[in-house]
Amino acid sequence: MGVFDARPDTKLKTATSSAPTKSALTFQELLFELQRFWAARGCILQQPYDVEVGAGTMSPETFLRVLGPKPYSVAYAQPSRRPADGRYGENPNRLFKHTQLQVILKPPPQNVQELYLESLAAIGVDLHQHDIKFEEDNWESPTLGAWGIGWQVMLDGLEITQFTYFQQCGGIDLDPITAEITYGLERIAAFLQDVDSIYDIIWMRDVKTGREVTYGEVRLAEEVQFSVYNFEQADVEKLWQHLDLYEAECKALLENAVASLKNGDTTARSRVPVLAAFDLCLKCSHLFNLLDARGAISVTERVGVIARIRALAVGVAKVYVAQREALAAA
Amino acid sequence: MSAFLLEIGLEEIPARMIAAAQKELAERVEKLLTRERLLAAAHRVQSYSTPRRLAVVVEGVLAQQPDVQEELVGPSRKVAYKDGMPTPAAVAFAKKAGVEVTALKTVTNAKGEYIGATVEREGKRAADVLAAELPREIASLYWVKSMYWRAGKPERFVRPVRWIVALLDGEVVPVEFAGVQADGLSYGHRVLYGDAPVVISAPSAYVAALESAKVIVDVEARRHKIRKDLDAATRTLPDARWRENEELVDTVTHLTEWPTVLLGSFEKEYLTLPDEILVTVMRDHQKYFALEDANKKLLPNFLAVLNTEVDAAGAAIIRHGNERVLRARFNDARFFWDVDQKIPLVDRVEMLKNVTFHKDLGSYWEKTQKNLKAADYISKNLSGYHSEEWTNIRLAVELAKADLTTEMVKEFTELQGIVGGLYVREQGLPKEVAIAIYQQYRPQSSNDEIPTTKLAALLAIADKITTITEMFKKDIVPTGSKDPFALRRAGAGVVRILVENAAVRDHLHLIPVIHAANQTMEADKDLRFRVFAFMLDRLEFYLQESCGVRLQVARAVRNSGAVEAEDDSPGKLVGYGYVAGFARVLHEQTGSPDVVAVAELLKRAANIQRQAREKGINPPDMESPSLLHDPAEKELARQVTEVNAVIQKNYREGKYNEVISAIASLQSPLNAFFDSVMVMVDDEKLRDNRLALLARTVSVVRWAADFSELASISTVA
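Top line first, the protein sequences correspond to chains A and B. Taking my numbering, I'd label the letters of the first sequence as residues 82 to 411. Taking my numbering, I'd label the letters of the second sequence as residues 13 to 729.
Don't read these hints as lab results, they were simulated from the structure. One should not assume that every hint holds.
[To be verified] Computed cross-link-like contacts, DSBU-like style, restricted to lysine-lysine with a CA-CA straight-line distance of at most 30 Å:
(1) Lys371/B with Lys537/B
(2) Lys178/A with Lys422/B
(3) Lys364/A with Lys365/B
(4) Lys364/A with Lys371/B
(5) Lys151/A with Lys157/B
(6) Lys399/A with Lys157/B
(7) Lys157/B with Lys319/A
(8) Lys364/A with Lys343/A
(9) Lys422/B with Lys364/A
(10) Lys661/B with Lys392/B
(11) Lys365/B with Lys308/B
(12) Lys385/B with Lys371/B
(13) Lys280/B with Lys422/B
(14) Lys365/B with Lys319/A
(15) Lys443/B with Lys308/B
[What the hints assert, rightly or not] Every beta carbon over 12 Å from chain B, so not counted as near; a handful from chain A, in silico:
(16) Glu114
(17) Ala203
(18) Phe272
(19) Ser341
Ideal Cβ placement from N, Cα and C applies to all residues, glycine included.
Use the sequences and the hints to build the structure in full.
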């Protein structure tokens, strides 16, 4: 099984660690349990989105689904790329790509906080043995024209979750409001397993042999190589060209979309590729992050590029809502 | 007499907003009851809060409003009765008032005779009034930031409302807000008590009922418990004390419902990191209290305030978790420290071109260049400082912002400046430069320390005045409560440094400071004027708030020649330390009869001048001695010249009492002058000469203080 092949020198975790790791979930079990928990509470389980994003919020399952009146509940893991956060795999707490477990509840049930606390119990956190606090932390993304009100959830002094009541997205005021719960899976896993480095997290444990595979074995090479690319080798000139190309295509799609939604029949309207336009917008956002990590964006350019991407995100949100409305009215 | 309880149950309110909201809710409820005549003379209002609730208990509520007799006035008698018979107008009025037509009476007032009626109004039940009025009061609570959560967005509030308790004695008051109907059920601590409701039988039972549900609703009781527990945990370490921090105590008080304190530790090796960094990580990022020994040396321990109560096993788990987080944070800090040293600060200055200072004002690199120009100018006004120390001045200003490019400051933004100073020291640059950069952002508030050295003062002043001037240039000016770039604080900081810093206070005046930030002053006089007026407002405020002088004295000094400095040639300007020193002494003397008397005389002189000006008379700048005829005017002219010399000499030596007595000594020549000399005579030459003499008199005194401001102060004050 390729990378999972056991090698004789593979670092095996012994059970002598001082911490309560005996029953702690592996990284993949943590994901299973959270997915199981939210699926049992009416969430659609989605797969990670297959375009580079900086956060689960940018997946269309959040960014677009929170728009408009239709109720929607979904949960998905989202590998999130933040080129500037890469540390060549040398920092035990920082990653270029971390994994979020994103839960979207639209509209939020009255007992949404209690549900969240139950989900912690489901992954083995006995709240009677821990200290939990909801501390003010509002979220804002100027590039997405989005903001919300909420908390960071602190467990024994560790921020494990961002909890947000979305108020605006793509420049559009939301109604109904959506609750977004974002679990930082690496942090939570490291906490549960009581390891000091993310790379020591046990990703999986073979039920039969007890063989363990660490996070480092699965992901370290990726962290190293992408840090090299993001900080050193990404071709700045080409990145700018890519940005221009994706932007131009996104704009063109949006312009066509506006015309088709105005004039077309129901079939024509439903065929308008708003979702493809959003992918192109996400590409631009990722390219911006890469350029930023390369230190290629000057002060004066920065504001301008953010405004360009925001214009795309706002444009997509508008067209998405218009398409939904046009189809609902038909 | 009844008691009333209102509790609004919420999802966690931001800690920083709770105290104000608790106070406002209590005030609103009290005002409502007063307005509705439902509050007994003997009453008591108590308010409570936790992260999940705001509450108020009022004892001394009337069950019902008192009945009132109301006198209504209707149409005039002439309209109401025709031939002694009630007209439809009278009938309609009687109906509206709810009385029989026969019960109408005649009311005579200034305008004539009208019909009237006496109406008995029955008082409403307190429960009805409260149910009707409270939703509006709750909805009106002020929040810095609020949100929507319900479909259709019917209301905005700080966080979703989850329950409401409203009880008048044992009876539920049917208040409804945000779709929540009040009842008598509250909720306890999320974990320690769980989801079961807590029955509140009556307002008087509120505090105890919640205490048994593991919630201390009384904020002061919680604060007290936290302080006591911090002390107790500290006592387990020999000779230790926790670093007092009222703000942090306040924050954790508002983050907990059932606080307990936990002592944790970290590896000694982290103590090699600077205290500033360790404490910032603990305090700002983890909300931990730092511990120190008797010599104020940091100990490898911390105190965390928990919102729960656990047994020894639980405490071990929580301690372990918190220690783990702190270790990771310290590791980060050490990593940042090491990585940052790879590029010394001197090589980071260029990188500032990529750090925005303000979107309309360019980068920090440009800001640095402006600061440098200002520091150059100001140091030339600090007797020889420029020529002696320019190398260090330049280095300090150029490196001052370089720490903004470091990983450490990106992570711990509140440490800007401090990190720069620590790195300068680490990188073997002059100690003077390190101190200046370390202290450049001081003072952060009116009770924060000011920069201690000359170089630090210079850097802080140059940085602040440049920011103010550049912002004013772009019309970013504080208005009302809006001051997003804290320009008032920056201005007040400059004033405080000018007055208080021992190395500059004898030498530096505000005028060259303002010049320094806008050296193309000729082209931009209006900007200079606006910045100056803004700074003088800060001075006036500072003199009142920090020096304790009364308003009139602050104004008199603000308008003085020493401050306004029409003549800003070298040697003419006085250091601001003198200005404040003089203001203090003048404040003490304002009540004395001599000062009041001379102030009144000077005011009279100023009035005569003003009236002449209004008539279009323009006297010469200086009186001509040959035109002085009357002995009284000759004497006044002589004494004014003498007093001027005394003022100028003594003020600069800090002998303020001498300055004031010299001014007071003008009382007798001025009296003699007004007794025997007529100013507004027909002979224009003579008239203008006397006006010039008076003008000089006023101006000589006004150099120290505008005494006309002091005339109104009564001697008993």
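Results for each hint:
For the hint pairing Lys371/B with Lys537/B, the CA-to-CA distance comes to about 25 Å; that is within 30 Å, so the pair holds. Restraint check for Lys178/A and Lys422/B: satisfied, since their Cα atoms lie roughly 20 Å apart, inside the 30 Å limit. Our distance criterion of 30 Å between C-alpha atoms is met by Lys364/A and Lys365/B, whose separation comes to about 27 Å. Proposed proximity of Lys364/A and Lys371/B is supported: the alpha carbons are some 26 Å apart, at most 30 Å.
Using a Cα cut-off of 30 Å, the hinted pair Lys151/A and Lys157/B holds, with the two alpha carbons roughly 27 Å apart. Between the alpha carbons of Lys399/A and Lys157/B the distance comes to roughly 26 Å, so the proposed pair stays at or under 30 Å and holds. At most 30 Å may separate the alpha-carbon atoms for a hinted pair to count; Lys157/B and Lys319/A exceed this at roughly 42 Å. With a C-alpha separation of about 27 Å, the suggested pair Lys364/A and Lys343/A falls inside the 30 Å cut-off, and the hint holds.
For the proposed pair Lys422/B and Lys364/A, the alpha carbon gap of about 26 Å is at most 30 Å, so the pair holds. Distance restraint check for Lys661/B and Lys392/B: the Cα-Cα separation of roughly 24 Å lies within the 30 Å cut-off, and the hinted pair is therefore satisfied. With a C-alpha separation of about 40 Å, the suggested pairing of Lys365/B with Lys308/B is violated against the 30 Å cut-off. Of the pairs offered as hints, the one joining Lys385/B and Lys371/B holds, with about 21 Å between alpha carbons and a cut-off of 30 Å not exceeded.
A distance of roughly 25 Å separates the Cα atoms of Lys280/B and Lys422/B; the hinted pair therefore holds under the 30 Å criterion. Under the criterion of a C-alpha separation no larger than 30 Å, the hint pairing Lys365/B with Lys319/A is consistent with the structure, at around 23 Å. Proposed proximity of Lys443/B and Lys308/B is supported: the alpha carbons are some 23 Å apart, at most 30 Å. Every CB of chain B is more than 12 Å from the CB of Glu114/A (nearest about 19 Å), matching its label as outside the interface.
Chain B leaves Ala203/A outside its interface by the beta-carbon criterion, the shortest separation being 16 Å against a cut-off of 12 Å. In this structure Phe272/A is not separated from chain B by more than 12 Å, as the shortest Cβ-Cβ distance comes to only about 7 Å. Here Ser341/A stays apart from chain B, with its beta-carbon at least about 31 Å from theirs, past the 12 Å limit.
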